[in-house]
Amino acid sequence: MNSLYNTILSPIITEKATKVSENNQFVFKVKIDSNKKEIKKAIEKLFKVKVKNVKTIKIKGKNKVFKGTKGRRSDYKKAIICLNKGENLDYSGGIN
Numbered sequence: 001m002n003s004l005y006n007t008i009l010s011p012i013i014t015e016k017a018t019k020v021s022e023n024n025q026f027v028f029k030v031k032i033d034s035n036k037k038e039i040k041k042a043i044e045k046l047f048k049v050k051v052k053n054v055k056t057i058k059i060k061g062k063n064k065v066f067k068g069t070k071g072r073r074s075d076y077k078k079a080i081i082c083l084n085k086g087e088n089l090d091y092s093g094g095i096n
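Number 79 in our numbering belongs to position 79 of the sequence shown; there are no gaps in the numbering.
Because the hints were derived from the structure by calculation, they are not lab data. These numbers were taken from a predicted model, which means no experiment stands behind them. Be a bit skeptical, because a hint or two may be false.
Stated by the list, open to error - Just the calculated beta-carbon pair ranges, DEER-fashion:
1. S74 x K16: 13 to 23 Å
2. E22 x R72: 32 to 42 Å
3. K78 x E44: 14 to 24 Å
Here a beta-carbon is modelled for each residue, glycine too, at the ideal position from N, C-alpha and C.
Make the full structure from the sequences, and use the hints.
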């Protein structure tokens, strides 16, 4: 099992992620080999909240060209965390 700090890589703060946060859902970038149980346990331990459910999505990396050199961005996994009613999550605590 991965360390809790290694499972959650960073919060994803976009317009869409901000919109779903109004419904008590939060979006994080997580390790590609982590599963829903590990993600749930990591969020509950790091932020001291109760998680209702976890949805995960694998995002394929895009092909890019930089100064004539072709490359590919790496794949990553995104987790949408739904919290119980009355719970709130603070991004500034827990992850550095």
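Here is how each hint holds up against the structure:
1. A beta carbon spacing of about 21 Å between S74 and K16 agrees with the range 13 to 23 Å that was offered as a hint.
2. A hinted range of 32 to 42 Å holds for the C-beta pair E22 and R72, which are about 34 Å apart.
3. The hinted range of 14 to 24 Å is satisfied by K78 and E44, whose Cβ atoms lie roughly 19 Å apart.
Of the hints listed earlier, there is not a single one the structure fails to meet.
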